[in-house]
Amino acid sequence: MSTTSDNATADDSERGAEIVLQFLELGRTATERPLSEEELGTVNEFLRLHPSLDRSLGVTYLAVEPQRMVIRLEVTEAHQQPWGVTNGGVYACLGETAASMASFVAAGAQTPVMGTSNKTDFLRPTRPGDVIVSTATPEHVGRTSHLWRVEHRAEATGKLCALTYLKTTVQG
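Letter 55 of the sequence shown, counting from 1, is numbered 51 in our numbering, and no numbers are missing.
Note that these hints are calculated values from the structure, not bench results.
A hint or two may mislead.
As the list claims (entries may be wrong) - Derived EDC-like pairs (lysine to aspartate or glutamate); straight-line CA-CA distance at most 20 Å: (1) Lys163 <-> Asp126; (2) Lys155 <-> Glu70; (3) Lys115 <-> Glu147; (4) Lys163 <-> Glu135; (5) Lys155 <-> Asp126; (6) Lys163 <-> Glu61; (7) Lys115 <-> Glu92; (8) Lys155 <-> Asp117; (9) Lys163 <-> Glu92; (10) Lys163 <-> Glu147; (11) Lys115 <-> Glu135.
Computed from a prediction, not measured in an experiment: that's the story for all the values here.
All chains should be modelled from the sequences, with the hints used to inform the complete structure.
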């Protein structure tokens, strides 16, 4: 005999599988045009349902386009160093996330990509309560490797806080 919680788990599982398929299809759609607000909602729902570093950090996708990826993170105390500023690793993670997803789309959203080099320079501190907007744009998109520039800006001021260069390898 199934209980309500068993049914909820089955429903969540079915919804999760449906979202995965929609997520993959949206990746293919993004190779041709920017995703709509509704489609971005599906991408962000996918992140909420699946364990990942993006979910742990609190990343939200603002734009998924053929040659541009924009993500957002509200800085919390969990993101800070003991001295009260955002840990530099957060910027490196945001750079890896934005550029890897952009690279996946640029590669046709059919094959995995993997970051092979992450260089992040820290220019200006952020603190809990600040919002970081990270924008990935291509420097080079080849058949087997890509190089992305990711600007991390404070949402409130537009000032550049960090800059990441991420190289990816296209698998397969």
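Discussion item. Does Glu92 sit within 20 Å of Lys115, going by the straight-line distance between their CA atoms?
Written reply: At roughly 10 Å apart (the allowed maximum being 20 Å), Glu92 and Lys115 satisfy the hint.
Assess, step by step, whether the Cα of Lys155 is no farther than 20 Å from the Cα of Glu70, and give holds or violated.
holds (15 Å)
Between Lys163 and Asp126, does the CA-CA distance stay at or below 20 Å? With Cα atoms ~28 Å apart, Lys163 and Asp126 exceed 20 Å; violated.
Below or equal to 20 Å on CA atoms is what counts here, so check Lys163 against Glu135.
Holds, at roughly 10 Å.
Can you confirm whether the C-alpha distance between Lys163 and Glu61 stays at or below 20 Å?
holds (19 Å)
Quiz item: Lys155 and Asp117: Cα distance at most 20 Å?
Solution: holds (14 Å)
Check: Lys115 and Glu135: Cα distance at most 20 Å?
Finding: holds (14 Å)
Straight-line Cα separation of Lys115 and Glu147 no greater than 20 Å? holds (12 Å)
task: For the pair we were handed, Lys155 and Asp126, check the Cα-Cα distance against 20 Å.
output: Roughly 12 Å separates the two Cα atoms, so the pair holds.
For a C-alpha distance cap of 20 Å, please report whether Lys163 and Glu147 respect it. Measuring from Cα to Cα gives roughly 15 Å; hence the hint holds.
* Agreement of Lys163 and Glu92 with the hint, judged by alpha carbon distance not exceeding 20 Å -> Holds. Lys163 to Glu92 sits at ~9 Å (cutoff 20 Å).
Checked against the numbered hints above, the structure breaks only hint 1 and satisfies the rest.
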